[in-house]
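Chains as they are written, first to last, in my numbering: chain U, 1 to 312; chain H, 313 to 733.
Note that these hints are calculated values from the structure, not bench results. Values in this document were obtained by computation on a predicted structure and should not be read as measured data.
Sample of chain H residues facing chain U (criterion: CB under 8 Å; computed from the structure):
1) Lys-388
2) Thr-389
3) Pro-413
4) Leu-419
5) Gln-560
6) Ser-561
7) Glu-699
8) Ala-701
9) Ser-702
10) Gln-709
11) Arg-724
If you want the ones that stay clear, here's a sample from chain U, every Cβ over 12 Å from chain H, calculated:
12) Pro-46
13) Lys-90
14) Phe-108
15) Leu-109
16) Pro-126
17) Asp-198
18) Ile-221
19) Pro-226
20) Trp-303
C-beta: ideal position from N, C-alpha, C; glycine also.
Listed below are the residues making up each chain.
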Amino acid sequence: MTTATLPDTHADRGRGTWIRRNRQMLAPILFLAPGVLFFLLYVIFPIVESFQISFYRWDGLGEPQFIGLENYGELGSDPAFETSLWNNLKWLVLYLLAIPGGLFIALFLNQTVTGIRIYKSLFFFPFVISQVVVGLVFTWFYDPTFGLLNTMLEAIGLGPVNVLGDPRLATYGIILAGLWPQVAYCMILYLTGLNAVDPEQVEAARLDGAKGWRMLWFVIIPQLRPATFIAFGVTIIGALRSFDLISIMTNGGPFGSTRVLSFYMFEKALGEYGFRMGYGAAIAVVLFLIMLVFIAYFLWSMWRDEREARKG
Amino acid sequence: MTTPSTPLAAALALSTALAAAPALSQDSALSGTLTIFSDMSNPAPRAVMEDMAARFDEMHPDLEVELTIIDREAYKTQIRNFLTANPPDVANWYAANRMRPYVAAGLFEDVSDLWAEPEIAENLASTKGAMTLDGKQWGVPYTYYQWGVYYREDIHEDLGLEEPETWEELKANCQALLDSGRKCFAIGTKFLWTAGGWFDYINMRTHGYDFHMALTNGEVEWTDPRVRETFANWRELIDMGAFIDNHQSYSWQEALPFMVNGEAAAYLMGNFAVAPLREAGLGDDQLDFYQFPAINPDVEMAEDAPTDTFHIPAGADNKEAAREFLRFVVSADNQTRINAGDALGQLPVNSAASIDDDEMLRQGFEMLSENSPGGIAQFFDRDAPAEMASVAMEGFQEFMVFPDNLDAILDRLETARQRIY
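One chain only, chain U, in its complex shape:
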């Protein structure tokens, strides 16, 4: 900007000076270019393409045929889509239990006892193992004939339950399996957050007679706001893109009762009996719009925080 005051003397020096003059602006553009380019190519472009494909009937092989909003019309009367939508909602609501769960384990582990690092690692362990393994472990746990769950139920005199084979229970069974690693994830976020809690404020609150729940609610949790924000974000996204556990544990069954949008989209577009690209894309668009609500909220609240921080 400062060079702009002397335009005449620099103008006859040719291109080199143009670069020099605009260096302030060019440098960030150049540094951003690779990231922006890949973001456009691998994120924005596929989104636009999905919107476009959702207006076509296409099996991935022949010529796509434009059918307007017919795919969306069919979604409206598709019971499997409705089930998937409801299941997504269940996932969204119940998955959020990971946040208080993680918080309480973090509070519990946030103390100085010999070997606390080992306990922390043990609690963090489920997040390290692959979702596929978590799915398999829980499938065996729930197994109606030799699973641990039924062995335990039998011991206290309750009848066998086929969690994953019962359309009313299966989704909850999978969400529970998903919560196991997700709680661990939230716990780690809160453990780091607790390190940043100001001990002076805690001291001050104590002098004022705060303790127990009031201390937690009015002093600790407000200071954990950044951790809560991230935990909320990753849990919402995690719930909406749940796929691997469903694929491993029930394969969408029994009779499609555990499908969620992402799984249904995969089945319709890429599964063995699928290849309805247009219909799959329409499901993807709906899922994207749902995610957009949350993403917009997060962006907005980040922007608001930043603005406040700048003011302060």
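Chain U is already provided as a structure; the job is to place chain H on it using the hints.
Just chain H, lined up with the frame of chain U:
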């Protein structure tokens, strides 16, 4: 998933060089490269495929055979990519309606000319129907296998039960088994298709092959009273408690232990179930086979016998060599060799080939060649279009768990039928 291709020619160059002189005198010396993409990735089929490629390579010294074996499940999605982007000269697939997407998109070569040759026309007549779409043939079969009831011979003997020949006998046997504290049939419906086998058989035995084909071709409404009759027959078994509990939680392999442990006495399955059952320790005196019994005596018996195939992609470079390879695959000698008990252990498609001396294969071959006058179906998910198959098989699974939901299921299938066909 993908294994690196095997340039067999390099390894065989020396041996073929010695035999080259007489071979060159043939008028149709093939040259160039023949690329084969195969889904025969399980150990035994893989060895068969590699052996076939090596022998064909040896027979044609100027031709280099490049074989790529792809994981069988991954192949089902990869075929769509390579047929359009990078077609090989020969590729594996399945018969009947499973071919339709590729035939409709013009990705498979019409090989009716091969089927007009007397050698193939005469010896492969039984599978011609399965390879025909729109009046033309689109590939050749290389193996097929029977479906039927594999049962615990020893348990049946203990209870004094005979192989059933009618529906009444089947139910009576089943009642006896239930009374002895066992289940009649093992099944695992987690991946749905196993329920399709039961529907195939009960529907074909109730109304015959032609009705079954009309239904899978979308010509009959799913709410038709005849379809309800099929489900009513099926329901008789379900209400008896004939099937193992919680079958919706198991794959077909996970349901095998019920049969091995004697908790269930029989299994309606394809012949591929025999190998794991024998490996699990069931001997020849414990395992036997019977044809699914008649339900309606006026209906001719028809069987499921899924056929696996070879095709030439329309975009292949070396179609001449590919045709020669297809001739080689179906030739009587090769058929005898690859379907032998120590190779694929299935049935040869060439009627001039001989069948391995295996108890199950022999019975299966007799059944298919002499006792299946109604016709030979491929299997529900190969006869019906993919989309219909997935919706329907999900309905079958639901029916097996909640038979009372039948009306809702049939309405759903009918809606799907009207949209798909």
